[in-house]
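With chain A's structure known, arrange chain B on it following the hints.
There are 2 protein chains.
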Amino acid sequence: MKRIPFDEIQKELTRVLLAAGLEISKAERCALIFTQNTCDGVNSHGVNRFPNFVMDVKIGTVNPHAESERISSFGAIEQWDGNRGIGPLNAEKAMKRAIELSRGNGIGCVGLRNTNHWMRAGTYGLLAAEADCIGICWTNTIALMPPWGASEKKIGNNPLAICIPRSEGPVLLDMAMSQFSNGKLDVFRRLGRQLPEAGGYDQNGKLTTDPDLILKSHRALPIGYWKGSGLAIVLDLMATLISGGDSTKEISQREKETGVSQVFLAIDISSQVANADVDAKMNAIINDLLNTPPLKGTQTIRYPGQGMSNTRRENLEKGILVDSAIWKTILEL
Amino acid sequence: MKRIPFDEIQKELTRVLLAAGLEISKAERCALIFTQNTCDGVNSHGVNRFPNFVMDVKIGTVNPHAESERISSFGAIEQWDGNRGIGPLNAEKAMKRAIELSRGNGIGCVGLRNTNHWMRAGTYGLLAAEADCIGICWTNTIALMPPWGASEKKIGNNPLAICIPRSEGPVLLDMAMSQFSNGKLDVFRRLGRQLPEAGGYDQNGKLTTDPDLILKSHRALPIGYWKGSGLAIVLDLMATLISGGDSTKEISQREKETGVSQVFLAIDISSQVANADVDAKMNAIINDLLNTPPLKGTQTIRYPGQGMSNTRRENLEKGILVDSAIWKTILEL
Numbered sequence: 008m009k010r011i012p013f014d015e016i017q018k019e020l021t022r023v024l025l026a027a028g029l030e031i032s033k034a035e036r037c038a039l040i041f042t043q044n045t046c047d048g049v050n051s052h053g054v055n056r057f058p059n060f061v062m063d064v065k066i067g068t069v070n071p072h073a074e075s076e077r078i079s080s081f082g083a084i085e086q087w088d089g090n091r092g093i094g095p096l097n098a099e100k101a102m103k104r105a106i107e108l109s110r111g112n113g114i115g116c117v118g119l120r121n122t123n124h125w126m127r128a129g130t131y132g133l134l135a136a137e138a139d140c141i142g143i144c145w146t147n148t149i150a151l152m153p154p155w156g157a158s159e160k161k162i163g164n165n166p167l168a169i170c171i172p173r174s175e176g177p178v179l180l181d182m183a184m185s186q187f188s189n190g191k192l193d194v195f196r197r198l199g200r201q202l203p204e205a206g207g208y209d210q211n212g213k214l215t216t217d218p219d220l221i222l223k224s225h226r227a228l229p230i231g232y233w234k235g236s237g238l239a240i241v242l243d244l245m246a247t248l249i250s251g252g253d254s255t256k257e258i259s260q261r262e263k264e265t266g267v268s269q270v271f272l273a274i275d276i277s278s279q280v281a282n283a284d285v286d287a288k289m290n291a292i293i294n295d296l297l298n299t300p301p302l303k304g305t306q307t308i309r310y311p312g313q314g315m316s317n318t319r320r321e322n323l324e325k326g327i328l329v330d331s332a333i334w335k336t337i338l339e340l
Numbered sequence: 008m009k010r011i012p013f014d015e016i017q018k019e020l021t022r023v024l025l026a027a028g029l030e031i032s033k034a035e036r037c038a039l040i041f042t043q044n045t046c047d048g049v050n051s052h053g054v055n056r057f058p059n060f061v062m063d064v065k066i067g068t069v070n071p072h073a074e075s076e077r078i079s080s081f082g083a084i085e086q087w088d089g090n091r092g093i094g095p096l097n098a099e100k101a102m103k104r105a106i107e108l109s110r111g112n113g114i115g116c117v118g119l120r121n122t123n124h125w126m127r128a129g130t131y132g133l134l135a136a137e138a139d140c141i142g143i144c145w146t147n148t149i150a151l152m153p154p155w156g157a158s159e160k161k162i163g164n165n166p167l168a169i170c171i172p173r174s175e176g177p178v179l180l181d182m183a184m185s186q187f188s189n190g191k192l193d194v195f196r197r198l199g200r201q202l203p204e205a206g207g208y209d210q211n212g213k214l215t216t217d218p219d220l221i222l223k224s225h226r227a228l229p230i231g232y233w234k235g236s237g238l239a240i241v242l243d244l245m246a247t248l249i250s251g252g253d254s255t256k257e258i259s260q261r262e263k264e265t266g267v268s269q270v271f272l273a274i275d276i277s278s279q280v281a282n283a284d285v286d287a288k289m290n291a292i293i294n295d296l297l298n299t300p301p302l303k304g305t306q307t308i309r310y311p312g313q314g315m316s317n318t319r320r321e322n323l324e325k326g327i328l329v330d331s332a333i334w335k336t337i338l339e340l
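As you go down the protein sequences, you meet chains A and B in turn. By my numbering, the letter at position 133 of the first sequence is numbered 140, and the numbering carries on one by one without gaps. By my numbering, the letter at position 36 of the second sequence is numbered 43, and the numbering carries on one by one without gaps.
Only chain A is shown next, with the shape it has when bound in the complex (with noise of 0.2 Å):
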């Protein structure tokens, strides 16, 4: 690992996005989430994913020359189509347009279909928290997981991001249905150690913590058992109905993950609670779980993106700390 300054990452990003073809306004933005998203410790959906988003330039799944474009509009609601472009600059323009449509309606929905993997579901609600809103999005994905009770993978791990302003740092839930994603699953296997909790099954439908052999058998465990896979479901059939798009069943069709259904979900605060001190009965909120006693001596307990907050002070004040090997990868793309 080695610690790299902001900048120097971002132009470098820009750089090599230039050279797959992307124009100069398109490269710049684009290198900016991937940086953030790194400096926020997410480095899975930061520069460890930017040599296969660049691939998927090169070989045509995504098209960077692709401008998303309305289909359909109804009052608060709208749907969007994204050409199989940029799939986070589609996402950050479907949640501007989400925060737009709060701004007169106090709620905006923008459900966007045939639009490439968003990377960080994070990055479109912390978009919607800097605009004084809660958001909520979600996306769908190839399959990956079994549904409940089932052997073969059928259903997306589907990240939901719900994200709530808050004048000392957003709050910040960004999860997968999977109770470990495969980049998880990757880690453990590598260090060669086990999960701490069971995470999937092996090929012979036991529970296991052993990460080789989920990622063997393919079938990770979704959260909370039969929970997590109902909810992995509906936040695909809603996905589907919402942008009036494809499903998870139809994605995975494909050979590789593209045309995947988006929803972008906008609340303006300000103008809901303009008369309550929202933001002091927020922190008392935080504060009470913060105090709770912990489980076990040494454990703190945490609020949802605390632990991001943390990483991001720290990456912007000693450099973004990033994978050597990957650093490397770069900067020869």
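In short, the hints are calculated from the structure, not lab data. As the structure is a computational prediction, the values presented were derived from the model and not from experiment. Check each hint, because a few of them may be wrong.
Which copy is meant is left open, so a pair is good if it fits within one copy or across any two.
Below, in silico cross-link-like pairs of lysine-lysine (DSS-like), each with a Cα-Cα straight-line distance of 30 Å or less [what the hints assert, rightly or not]:
no., residue 1, residue 2
1, Lys-103, Lys-288
2, Lys-160, Lys-288
3, Lys-223, Lys-335
4, Lys-263, Lys-65
5, Lys-213, Lys-191
6, Lys-191, Lys-303
7, Lys-191, Lys-160
8, Lys-288, Lys-263
9, Lys-335, Lys-9
10, Lys-160, Lys-303
11, Lys-223, Lys-263
12, Lys-303, Lys-288
13, Lys-303, Lys-223
14, Lys-103, Lys-18
Okay, now just chain B, sitting in the frame of chain A:
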């Protein structure tokens, strides 16, 4: 257990509610909701909880004469005060209002504060689906679980319902953020059975499948460990902000659970995707799930709400299955 016709249960519950002081229209409406919940197999929030509800009316936790009222309005989003009235009727009115708001705006949202337990989350999701809307609603509760890593209960189990309309019957996810409800833990304890998966901690902070130890420690497990804990926290924060009401922290300072905060969202599907063959798409997704090979030989894969639909059909045909002792208690109320 015994089977009793739908009408007989509704009539009996109406009689008890009239005796408890409800006016006729409220008594009938409220009895209908309790009967429907039982008919759908959710006895824990149907007849089983009915004596408790009547007691809440008698001791004044629930004010049967209070009406909810609109406090503020901004576009497609409104805040209502439940005035500590009847939880199920306040919630029904709030979802109906969210549906109305969605008619002109595509999406509608109502935050309801200062209300009482709504019994089953799914009731209000189903209401939206019957009106051709996606229905999403959740409530906060008194503290029931420790946040992840903590030893004291501080977060609610904050039930969430998501319901999607479909001609062959709605898809309904209705889930609390705890892996098992207290009601479910109690059922297993009475039967002297272990839980199928770990459901909480013993007094020493060790995960256990023993329902008795979990009920004693007050340390129920959130779904997906840290993930369900985070989801419960953000659902509470959002309910508090959107309704302008009390959080789990404030509710837990009262002797009994009252004055909870709820959110109701309706998305008008008929307006949004009128051109797409939505129903065929939904059925294709559902059928694909149902046809997934099971993990074990005889298991069947189900979609969220399928069990409920089957139970409803059987109960309507043969009479609703209720606990004989509970029915005897109700007859004596």
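Going down the list of hints, with the structure as the test:
With identical chains, the CA atoms of Lys-103 and Lys-288 are at most 30 Å apart both within one copy (27 Å) and between copies (29 Å). Taking identical chains as interchangeable, the C-alpha atoms of Lys-160 and Lys-288 lie at most 30 Å apart only when they sit on different chains, with a minimum of 19 Å there against 42 Å within one chain. With identical chains, the CA atoms of Lys-223 and Lys-335 are at most 30 Å apart within one copy only, with a shortest distance of 29 Å there and 55 Å across copies. Taking CA atoms no more than 30 Å apart as the test, Lys-263 paired with Lys-65 passes inside one copy only; the shortest distance there is 14 Å, against 61 Å between copies.
In this homomeric assembly, Lys-213 and Lys-191 come within 30 Å of each other (Cα to Cα) both inside a single copy, at 20 Å, and across copies, at 24 Å. Proximity of Lys-191 and Lys-303 under a CA criterion of 30 Å is satisfied in both settings, with 24 Å inside one chain copy and 27 Å between copies. For the identical chains of this complex, Lys-191 and Lys-160 are neighbours both inside a copy (18 Å) and across copies (29 Å), given an alpha-carbon limit of 30 Å. For the identical chains of this complex, Lys-288 and Lys-263 are inter-copy neighbours only, at 21 Å across copies versus 45 Å inside a copy, given an alpha-carbon limit of 30 Å.
Taking CA atoms no more than 30 Å apart as the test, Lys-335 paired with Lys-9 passes inside one copy only; the shortest distance there is 11 Å, against 71 Å between copies. In this assembly of identical chains, the alpha carbons of Lys-160 and Lys-303 lie at most 30 Å apart only when taken from different copies (15 Å versus 36 Å within one copy). Taking identical chains as interchangeable, the C-alpha atoms of Lys-223 and Lys-263 lie at most 30 Å apart only when both belong to the same chain, with a minimum of 19 Å there against 50 Å between chains. Taking identical chains as interchangeable, the C-alpha atoms of Lys-303 and Lys-288 lie at most 30 Å apart only when both belong to the same chain, with a minimum of 28 Å there against 49 Å between chains.
In the homo-oligomer, the alpha carbons of Lys-303 and Lys-223 lie at most 30 Å apart only across protomers (19 Å), although the nearest pairing inside one protomer, at 34 Å, exceeds that limit. Taking the shortest Cα distances, Lys-103 and Lys-18 sit within 30 Å of each other inside one copy (25 Å), while across copies they are farther apart (52 Å).
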